[in-house]
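*Asks:* Once you've looked at the hints, dock chains E and P against the given chain Y.
Residue numbers (our numbering), protein chains in the order written: chain Y, 1 to 168; chain E, 169 to 491; chain P, 492 to 918.
Since the hints were made in silico from the structure, they are not lab data. All of these numbers come straight from a predicted model, not from anything done at the bench. We put the CB at the ideal spot given by N, CA and C, even for glycine. Take the hints with a grain of salt, since some may be wrong.
If you want a taste of the chain P side facing chain E, the calculated C-beta under 8 angstroms gives, among others [as the list claims (entries may be wrong)]:
1. Gln602
2. Gly686
3. Leu694
4. Phe763
5. Ala808
One-letter residues, chain by chain:
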Amino acid sequence: MKEIPQVEALLEAMCAELRDFLASQARQDPLVVGIRTGGVWVAEGVRSRLGVADPMGELNINFYRDDFTRIGLHPQVQPSMLPFDVDGRHVLLVDDVLHTGRTIRAAMNEIFDYGRPASITLAVLVERSGRELPIRADVAGTRLSLRPQDHIKLTGPEPLALEFKQAR
Amino acid sequence: MNLQLTEDGRLRHFLTIEGLDRPLLTRILDTAESFVGVGERAVKKVPLLRGKTIANLFFEPSTRTRSTFELAAKRLSADLLNLSVSASATRKGESLMDTLRNLEAMQCEMFVVRHEASGAAHYIASHVAPHVSVINAGDGRHAHPTQAMLDMFTIRRHKERFEHLKVAIVGDLMHSRVARSQIHALSILGVPEIRVVAPRTLIPPFIENMGVHVYTRLNRGLKDVDVVIMLRLQHERMDSGLLPSEHEYFRYYGLTEERLAVADDNVIVMHPGPMNRGVEIDSDVADGPHSVILQQVTYGIAIRMAVMSMCLGNPPAVEGGEG
Amino acid sequence: MGTSIRGGWVVDPANGIDEQLDIHVEDGVIVGLGPSPANFEVEREYHVDGNVVCPGLIELRASLREPGQEHKATIASESRAAVRGGITTLCCTPDTDPVVDTPAVVELIHQRAGAVACARVEVQGALTQGLEGSRLSQMGALRDAGCIGVSNAYRVMENTEVVRRAMEYAATFGLTILLFPEDPWLAQDHAAHEGAVGTRLGLPGLAETAETITLARDLLLVEASGVRAHICGLSTARGVEMVAQARARGLPVTADVALPNLFLTEMDVTDFNSACKVRPPLRTQRDREALRQGVHEGTIATLCSAHQPHEPDAKQAPFTEAAPGISGLETLLVLTLRLVDEGLLTLQQAISRVTYEPARVFGLEAGTLSPGRPADICVFDPERHWMLTRERLWSEGRNTPFIGWEFKGEVTHTFVGGRLVYHLEDA
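Here chain Y stands alone, though its shape is the one from the complex (with noise of 0.2 angstroms):
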């Protein structure tokens, strides 16, 4: 990896590619939900630069996620917390990283436990290489290629920065 990426650049990048996105699938008035605890600092984000009347979602997917049996609960559990009725919406799904695509099923199974909307639109800042399920984003602030064993992380909230680590 050469240089990492400015996390402001990115979320720009990624806004303007979110509105020529939205516009061409005629989603309008999206809700923004952002999943915990990355996924919801670049929501916000988001939601300021499209400039989104409804409030906020945030969803913690603790109780969705497919390896409770393995590791189990994690102990500091922030609820979700969608306050709006998602049926009939369309619905913006926002993460940092997006890796095995695991979390993003349990975002999914999640959001369709409060209804049933209209789309589901997945943007996230940084999509890696390394999936292990069907899913993609349909908008990323940048793509990654990058080795199995290493990582990349969103800090944040203040100041948001990609932290890199590389394995030897």
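*Replies:* Below, chains E and P without anything else, positioned relative to chain Y:
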């Protein structure tokens, strides 16, 4: 008392509050907090315990407690087996063990146990296979930890902090497993003043050793308290010579609006249910502005979901994993 | 043709002997201590240098479970466990099924014990018919059939009039009456001592007064009737005080304590350990100290194990539903010796409390090494350490809270009527 914890201090069984520490109780409350929201959604279910089997093992009838455990299990997507076993049929330990072995053979991962004998849940927990967790849903006069935790949850929702509270527990402390668990929970969570109020026949000896102040007069016991917990008075207490009549009990220990006036202005009134209106509590109070009794029921499901998922979320080998 | 036990350190409290001596036995009877008597022909010799030689122990209160409860234990199994623990006389309680209220049952027990030919078994007759506490048993016939005393076992008599008449009737036949002080009304569905631990665990409590009220009643009736009485299983400080006062007034009263009550307290019940469920219950530290003081001063002149063997299922239950009682024959000697190590008793006093004193309660011949008495002898190695394990027990009842305890002192030889009935293999 380490029976209920794993080697690294996580919850394996939930048998009694005694011996647990404040961080763990706080974690149960925090976890329950996130489950409250689940009950308010369109689909009141999370897939957390999908594929797990939980057996409700009730040796003593209790529709209410059993239902909340049942609902909690179902909201966690677990499979549930309801077994009502009459205690007389299992009077011999032999057949109790047989029942347990049978359930283990059905691959149950959790037993929720209600039994008339104090210590029954401990007994069962010390005899189950290593992969089975036991939750005590009330054993004799000993403990009813999930009820106590839902009471703590209710208190925290209304009072936020425990460190400045005065709490009065009123009624049949002698026979109450709920009260014993509440006293442990309140003191572990840091409540500085716990009072128990009852006639002497209903106060077990040496209860002061549990860190409570004993009052025999209701108006003194209720003075300035922030929380009043009423206990159910069983009709049998009249037959066993502990009290003369329900009427007299209500006259001296029944909670009325008038008596509640000496408590703090923002006092909350709780009751583990089912209530005997006109015996330990007046309807005006039970349905009045200070009552949080119905909320307790709602929170009971969240607390049980929290305890169930914490107990079952203890994999044998701990390894990291991130999606 | 005689047997000599040579080189042992002889402790015979009745005769104040505490020195190294040889013991000579002929025809089942002790014929001399020290140099061999004239015309004594030695057939067998046992060299027990370094070991203690004392009278065989007497267990005051053993439930042998036969007839009627052979799934718990049998006379055969418990007799063997007894001699392994240095006990040569078992005084069995009448709570068998059928109860010992007819000469036939006494005969049956004697017959079984005779067939086993191990420890002696003496029988306590029932005080009331069927132990039901309402009609007097045939105490005369029971005495003539060989009963050494009368008792209502753990079945407490509610009716004071019956207690009074039973005492008078027992006195008529010169029988010692054994009394278990527990008020039946205060003891309803009790499981543990009524105290801080019981309250915390929600175990229905047995108050101190359950013991003292009945004790007070019984002591007053003993005084009025003049019967020779023995109080079983004191458990409270107050109870010890009352017995001491009664003895000071000259009442013909003795008392025992079950050894577990001298070592354990209510605290041992903390994790609902059903092995610690006993009757009377384990009480407070203060009670335990008072009981020990009573043993030290002699108010409690006899120690016993209150042997209650149970099948595993009886204890495999939640605490309140588990059967009370401890299987104690194999720890009678070692727990008593522990009191010596802890400085409560001298070795002579300790041995006396499990030999001579219990013999006196019933007027038994056993319990001393006097020439002319039956050669019931226990030899033990006082320095040998061993650990109690479930597998090690010979009693059918494996119900003891002392599993895992390390003990000092192990029986190497037990003689009953001069016959070697137990010998530790590698001693």
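*Asks:* Confirm or reject each hint.
*Replies:* Okay, the hints, checked on the actual structure:
no.: 1; hint: Gln602; result: violated, 32 angstroms
no.: 2; hint: Gly686; result: holds, 6 angstroms
no.: 3; hint: Leu694; result: holds, 5 angstroms
no.: 4; hint: Phe763; result: holds, 4 angstroms
no.: 5; hint: Ala808; result: holds, 3 angstroms
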